[in-house]
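Number of protein chains: 6
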Amino acid sequence: MSQAQNQELLATLRQLGAATVYEAQGAKGALDHGMKPIDPTTRLAGPAFTVDCRPADNLMLHYAVQKAKPGDVLVVDAKGFMEAGPWGDVLTIQAMKLGIAGLVINGCVRDANLIIELGFPVFCRGLSIKGTAKNQPGRIDVPISIGDVLIQPGDMIVGDRDGLAVIAQDEVEATIASSLAREEKEAGQRKAIEEGALTADLLGLADTLRRVGLN
Amino acid sequence: MSQAQNQELLATLRQLGAATVYEAQGAKGALDHGMKPIDPTTRLAGPAFTVDCRPADNLMLHYAVQKAKPGDVLVVDAKGFMEAGPWGDVLTIQAMKLGIAGLVINGCVRDANLIIELGFPVFCRGLSIKGTAKNQPGRIDVPISIGDVLIQPGDMIVGDRDGLAVIAQDEVEATIASSLAREEKEAGQRKAIEEGALTADLLGLADTLRRVGLN
Amino acid sequence: MSQAQNQELLATLRQLGAATVYEAQGAKGALDHGMKPIDPTTRLAGPAFTVDCRPADNLMLHYAVQKAKPGDVLVVDAKGFMEAGPWGDVLTIQAMKLGIAGLVINGCVRDANLIIELGFPVFCRGLSIKGTAKNQPGRIDVPISIGDVLIQPGDMIVGDRDGLAVIAQDEVEATIASSLAREEKEAGQRKAIEEGALTADLLGLADTLRRVGLN
Amino acid sequence: MSQAQNQELLATLRQLGAATVYEAQGAKGALDHGMKPIDPTTRLAGPAFTVDCRPADNLMLHYAVQKAKPGDVLVVDAKGFMEAGPWGDVLTIQAMKLGIAGLVINGCVRDANLIIELGFPVFCRGLSIKGTAKNQPGRIDVPISIGDVLIQPGDMIVGDRDGLAVIAQDEVEATIASSLAREEKEAGQRKAIEEGALTADLLGLADTLRRVGLN
Amino acid sequence: MSQAQNQELLATLRQLGAATVYEAQGAKGALDHGMKPIDPTTRLAGPAFTVDCRPADNLMLHYAVQKAKPGDVLVVDAKGFMEAGPWGDVLTIQAMKLGIAGLVINGCVRDANLIIELGFPVFCRGLSIKGTAKNQPGRIDVPISIGDVLIQPGDMIVGDRDGLAVIAQDEVEATIASSLAREEKEAGQRKAIEEGALTADLLGLADTLRRVGLN
Amino acid sequence: MSQAQNQELLATLRQLGAATVYEAQGAKGALDHGMKPIDPTTRLAGPAFTVDCRPADNLMLHYAVQKAKPGDVLVVDAKGFMEAGPWGDVLTIQAMKLGIAGLVINGCVRDANLIIELGFPVFCRGLSIKGTAKNQPGRIDVPISIGDVLIQPGDMIVGDRDGLAVIAQDEVEATIASSLAREEKEAGQRKAIEEGALTADLLGLADTLRRVGLN
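One line per chain: the protein sequences are A, B, C, D, E and F, in this order.
FYI, the numbering used here numbers position 155 of the first sequence as 155, with every residue one higher than the one before it.
FYI, the numbering used here numbers position 52 of the second sequence as 52, with every residue one higher than the one before it.
FYI, the numbering used here numbers position 51 of the third sequence as 51, with every residue one higher than the one before it.
FYI, the numbering used here numbers position 213 of the fourth sequence as 213, with every residue one higher than the one before it.
FYI, the numbering used here numbers position 87 of the fifth sequence as 87, with every residue one higher than the one before it.
FYI, the numbering used here numbers position 112 of the sixth sequence as 112, with every residue one higher than the one before it.
Here chain A stands alone, though its shape is the one from the complex (with noise of 0.2 Å):
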């Protein structure tokens, strides 16, 4: 694939958004409720540069950022601890300078006036200014788990205020295209509702509402 085609296959996930692919590969990897943008506004596609570390500990996060190709989004099990904001302004900066394209952690950040402000895509837990240690060792390139999806490297993560979802890399273009018909059967349902149809009837549930006895 041309780095221009690259480009738009990232720019159609940002526009379709979390929810949108995960119904259109199956209702499959969502990442759970918790996991929510600093900024409600950001859209993120990249694909994962996955990090497993220890709680409060951010030495395989410098090492992360070097090892990651620009374009990369980190993908970082912190282990869902609270009390600590292993990413910060430092990091956040040394990641644009190297093109890293987002920050999605089990855990929490910090400076997150600043990271909004450099307008850097970070996906976490929620805030913390608790310091980290610089002491664990770590791996980087393998599977990881977070909110019970399992996170193979390479693989695209789409996300925006909804939330996050993860496609299997050799899925990417079948749920893009799937993405594409069913925004465009959804487009059909909200003209057909405009024009006075009702959901029921353009989803077929009328057999089952009839089974549970409503009509």
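Certain hints may be false.
[Stated by the list, open to error] According to the in silico footprint, chain E covers these stretches of chain F (three or more CB under 8 Å from chain E):
(1) 39-47
(2) 62-71
(3) 79-89
(4) 109-122
(5) 170-180
[Claimed, not checked] For lysine to aspartate or glutamate, the following EDC-like pairs were computed, each having C-alpha atoms within a straight-line distance of at most 20 Å:
(6) Lys28/C / Asp52/F
(7) Lys97/E / Asp52/D
(8) Lys134/F / Glu186/E
(9) Lys134/B / Glu195/A
(10) Lys134/A / Asp148/C
(11) Lys69/F / Glu195/E
(12) Lys67/E / Asp207/D
(13) Lys67/C / Glu194/B
(14) Lys28/D / Asp52/B
(15) Lys67/F / Asp141/F
(16) Lys134/B / Asp201/A
(17) Lys97/A / Glu195/C
(18) Lys67/E / Asp201/D
(19) Lys134/A / Asp207/C
(20) Lys69/E / Glu195/D
(21) Lys67/E / Asp39/D
(22) Lys28/F / Asp148/C
(23) Lys28/B / Asp148/D
(24) Lys67/A / Glu194/C
(25) Lys69/B / Asp148/A
(26) Lys69/C / Asp52/B
(27) Lys67/D / Asp52/D
(28) Lys28/C / Asp148/F
(29) Lys134/F / Glu194/A
(30) Lys97/D / Glu194/F
(31) Lys134/C / Asp52/D
(32) Lys67/B / Asp201/A
(33) Lys69/F / Glu186/E
(34) Lys67/A / Glu195/C
(35) Lys97/D / Glu195/F
(36) Lys69/B / Glu195/A
Since the hints were made in silico from the structure, they are not lab data.
Beta carbons: idealized from backbone N, C-alpha and C, even for Gly.
With chain A held as given, fit chains B, C, D, E and F onto it using these hints.
Relative to the frame of chain A, chains B, C, D, E and F by itself:
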């Protein structure tokens, strides 16, 4: 009541806000602190059209939008389940088309960007992209409970950034009257404070403070 | 210290922010991640006027606003109870009239729309419209604990979108000095990063990375 | 009803247990999963004597024990506050002396060792040694809500290790009848299972399984 | 492997316990701390028969008990929903009749008294009497995730009071070998401790302690 | 104080229990309701040997057991992280060998079966088998905070099924004296209750009840 009178009543309730009507009716009818608008600038007032459904299933929501009247607020007990978003863009468009005034759901929603852009008032516990089935029976127009508050069909819902209050149908006018009296009294207090009075005196707390050993 | 000097000191602390002063004083004094401003753009600095009160009762708050000095930050342990909003519009107007700099409360508040519109800085755990009694005794000007941090009367409070840090009264000037040194050092790091340096080198992490088998 | 008949009715309810009566009355009246006995072997049945009090204050409990009748279960909404134990040894001894059948409290208790040793049935959210004031008003003999269930004075409470169910006063006898019928049916099912039957057949799930593509 | 060998292998795993096998296989495969046995004395080992179902619906459980083999452990993702108990007495009796070894469910169960009395091993998040529907499709024999751990059909489950560990099917024998080696090593450490050795020396922590400035 | 006197003092504190000493010293020093014994029959008393460590790392625990004195209670701030069990069988055996009286840890432990069998008192937030590193520095013998309570080295810890109370070192004897006085008074109240007195009268609540409109 004429429709114009009704519109004015609803506008008054929206302006009064949840905290005032809660206090004015005797400190009752407040939903718990976890129920919040997805757009903090939202102000909502309207009679409840209640829906009792099962977690992670929105069959009843497609049914309820058909049965509710223009101006109704859908008040849905989705059992507080956080890992599903049974309300999204299509239902929002359907609801707006049918004149529904807003949604209060004990659970999550998705497509928040579009909902906010369209200006449809939604109060919920969070955002989740996870999908729902369309299989499960439920009931409409029955008493439901959210946040330890029993809500009868037709009860008046008032919501803003602070949260939600519920007014029994036959207490709406009395509650508005006492809310306005309360606002007037508070306006007097504000003026007095501006002129140097202290709240402890304005609220007559001197005796209590003395009893607990403070003065 | 002259009043002008004091104002400058407070302005400096507001600009430095919670994360920086927390780190600069040796990674201590951070309140837990659940304490956040109701308006994320808020920046607050001021000495703590402490209040120990009971859940769902604001008698002590009416008392405390009278006893605090202009510029003080009310720091209230309301026991983390989420289903009451013991601070609202009237107390906000009273506090602003008396020159109080802001509120930090281990609990909820209400009337958030008005508080934000008036620009009064409030840090809390959430919003609740549920009312409070005015019956219960408490104490002012005593050590209190919030989020595992002991706060002495007169300790300096610094807060922003990230959260809150507390500086011991006699460490304020030293903390500002080390914060400014830290900011200068970080400015150097940012410049170096812009010029191509890596954080792992700037922070001297090479040995640690080698010890844990990474390089 | 004679006292002997009443004792037999309560013994029957204790033996049936919370899950059975909940199902038998149409899957309603179950308190949330957080309300549990402090001694898991506890079995409780009795009419509710309701108490609405404020968090961390037990004045109303001292009042309520005087007003309840022998055999009553005190059902207390202490607002779910976890950092106070408004019920302890003295109230337990008082309640037992007065013939009160047990306590259900939306909050915590203390002196659990003694309460368990004395065999007084207590259902709550946890244990807290933190003390309470005796300052605050409240109400007895009024409808209250716990865990989204509205409880009327006189409603029948049934509790065991699994949790609590509430039966409307005028549905107790019908619920017992349908509970016994349900138990008889389940006894038949157990016997059939022992003889080799499968639950899917006994419960007539074949059609549903086929509809969802399983067989 | 003969059946006798298999029984011995399972007995060994039950005796080793979850913490030991977790450590022995390289500190992986531990379910989160919220998954616990309803009877703390329970010890469980067996291969996973996985079930992916929807919250508050147990149609798939009735299906799965028929499809699992004797000795299997049902491992069910019920989506962590706490306000339903999709497993109870009838399913327990059915499962025991069919030789199923135990249940691990991401959700709640009910009829705990009877389950404990019958000695059927159950690990879950809590107890709820709230009922379930029997309407919803799902899947068996597919990879599922609980507590950030991916579980493949056939993976070995080991559980006790501490919690649960999952061993990949083809690593069971290696994990047992390293577990036994670990136990032997720990027995040596215990003996050394009894004779006066210190854990810091036995575990070779002197260098690390010196590096962090302690000795 | 002779060793025999000290043993008697500790036995008295264990018998008094956490709730009594908390009340007797003026309703202060109670840890939050989440800190509980893993064996509910545990009773613990002893001076605190404090440890401040990082989440998911037990290097400091191996160091602390060497430095604590016989009879000390290790009181560890492990930052409330739930997904690691930094204390297990080896440390328990080491601690018992060295005469350490018990463990209070703001976090989880593992090997609960063995710890309970050995009778070593442990208070914590839960059980987790997840392992810890041995990399991270920390501090011993410093003030720490758990559950909003500041604990100084040497403070007396008292714990039982209800939870934990902390007594300042120089207030232990006074607290025991007032605890015994409180117990004597409560014994009188129990006797009076047995003879027909009401707690509202014994506790002098008549005035307060009248003030709030109850009698």
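Against the structure, the hints come out as follows:
A stretch counts as covered by a chain when three or more of its residues have a beta carbon under 8 Å from one of that chain; for the region 39-47 of chain F and chain E the count is 0, and the coverage is violated. Requiring three or more residues with a Cβ within less than 8 Å of a Cβ of chain E, the coverage given for the region 62-71 of chain F holds, as 4 such residues are present. Counting residues of the region 79-89 of chain F whose beta carbon lies closer than 8 Å to any beta carbon of chain E gives 5, which reaches the threshold of three, so the coverage claim holds. Check result for the region 109-122 of chain F against chain E: holds, 4 residues qualifying (beta carbon to beta carbon below 8 Å, three or more required).
With 0 residues bearing a CB less than 8 Å from a CB of chain E, the region 170-180 of chain F misses the requirement of three and the coverage assertion fails. Note on lysine 28/C and aspartate 52/F: the hinted pairing holds, with a Cα-Cα distance of about 12 Å set against a maximum of 20 Å. Pair hint lysine 97/E plus aspartate 52/D does not hold up; C-alpha atoms about 48 Å apart against a cutoff of 20 Å. For the proposed pair lysine 134/F and glutamate 186/E, the alpha carbon gap of about 17 Å is at most 20 Å, so the pair holds.
A distance of roughly 24 Å separates the Cα atoms of lysine 134/B and glutamate 195/A; the hinted pair therefore is violated under the 20 Å criterion. Our distance criterion of 20 Å between C-alpha atoms is broken by lysine 134/A and aspartate 148/C, whose separation comes to about 23 Å. As the CA atoms of lysine 69/F and glutamate 195/E are separated by approximately 18 Å, the hinted pair is consistent with the 20 Å bound. A threshold of 20 Å between alpha carbons decides the hint, and for lysine 67/E with aspartate 207/D the separation of about 17 Å falls inside it, so the pair holds.
A threshold of 20 Å between alpha carbons decides the hint, and for lysine 67/C with glutamate 194/B the separation of about 18 Å falls inside it, so the pair holds. Proximity of lysine 28/D to aspartate 52/B is assessed by CA-CA distance (about 12 Å); at most 20 Å being required, the pair is judged to hold. Of the supplied pair hints, the one linking lysine 67/F and aspartate 141/F holds, its CA atoms being roughly 9 Å apart against a limit of 20 Å. For the hint linking lysine 134/B to aspartate 201/A, the alpha-carbon distance of about 13 Å falls within 20 Å, and the restraint holds.
With a C-alpha separation of about 9 Å, the suggested pairing of lysine 97/A with glutamate 195/C holds against the 20 Å cut-off. Between lysine 67/E and aspartate 201/D the CA atoms are separated by roughly 14 Å; this keeps the pair inside 20 Å, and the hint holds. Between lysine 134/A and aspartate 207/C the CA atoms are separated by roughly 11 Å; this keeps the pair inside 20 Å, and the hint holds. For a cut-off of 20 Å, the pair hint linking lysine 69/E to glutamate 195/D stands: about 18 Å separates their Cα positions.
Simply put, lysine 67/E and aspartate 39/D have alpha-carbon atoms about 37 Å apart, too far for the 20 Å limit, and the pair is violated. Distance check on the hinted pair: lysine 28/F and aspartate 148/C sit about 15 Å apart at the alpha-carbon level, within 20 Å; holds. As the CA atoms of lysine 28/B and aspartate 148/D are separated by approximately 15 Å, the hinted pair is consistent with the 20 Å bound. Simply put, lysine 67/A and glutamate 194/C have alpha-carbon atoms about 18 Å apart, close enough for the 20 Å limit, and the pair holds.
As the CA atoms of lysine 69/B and aspartate 148/A are separated by approximately 40 Å, the hinted pair breaks the 20 Å bound. A threshold of 20 Å between alpha carbons decides the hint, and for lysine 69/C with aspartate 52/B the separation of about 52 Å lies outside it, so the pair is violated. The suggested pairing of lysine 67/D with aspartate 52/D holds, with an alpha-carbon distance near 14 Å, which does not exceed 20 Å. Between lysine 28/C and aspartate 148/F, the direct Cα distance comes to roughly 15 Å. Compliance with the 20 Å bound is thereby established for this hinted pair.
Straight-line distance between C-alpha atoms of lysine 134/F and glutamate 194/A comes to about 63 Å, which puts the hinted pair past the 20 Å bound. Proximity of lysine 97/D to glutamate 194/F is assessed by CA-CA distance (about 7 Å); at most 20 Å being required, the pair is judged to hold. For the proposed pair lysine 134/C and aspartate 52/D, the alpha carbon gap of about 17 Å is at most 20 Å, so the pair holds. A C-alpha spacing of about 14 Å is found between lysine 67/B and aspartate 201/A, which places the hinted pair at or below 20 Å, so the restraint holds.
Pair hint lysine 69/F plus glutamate 186/E does not hold up; C-alpha atoms about 24 Å apart against a cutoff of 20 Å. Pair hint lysine 67/A plus glutamate 195/C holds up; C-alpha atoms about 18 Å apart against a cutoff of 20 Å. Between the alpha carbons of lysine 97/D and glutamate 195/F the distance comes to roughly 9 Å, so the proposed pair stays at or under 20 Å and holds. For the hint pairing lysine 69/B with glutamate 195/A, the CA-to-CA distance comes to about 18 Å; that is within 20 Å, so the pair holds.
Comparing the model with each numbered hint stated earlier shows that hints 1, 5, 7, 9, 10, 21, 25, 26, 29, 33 do not hold.
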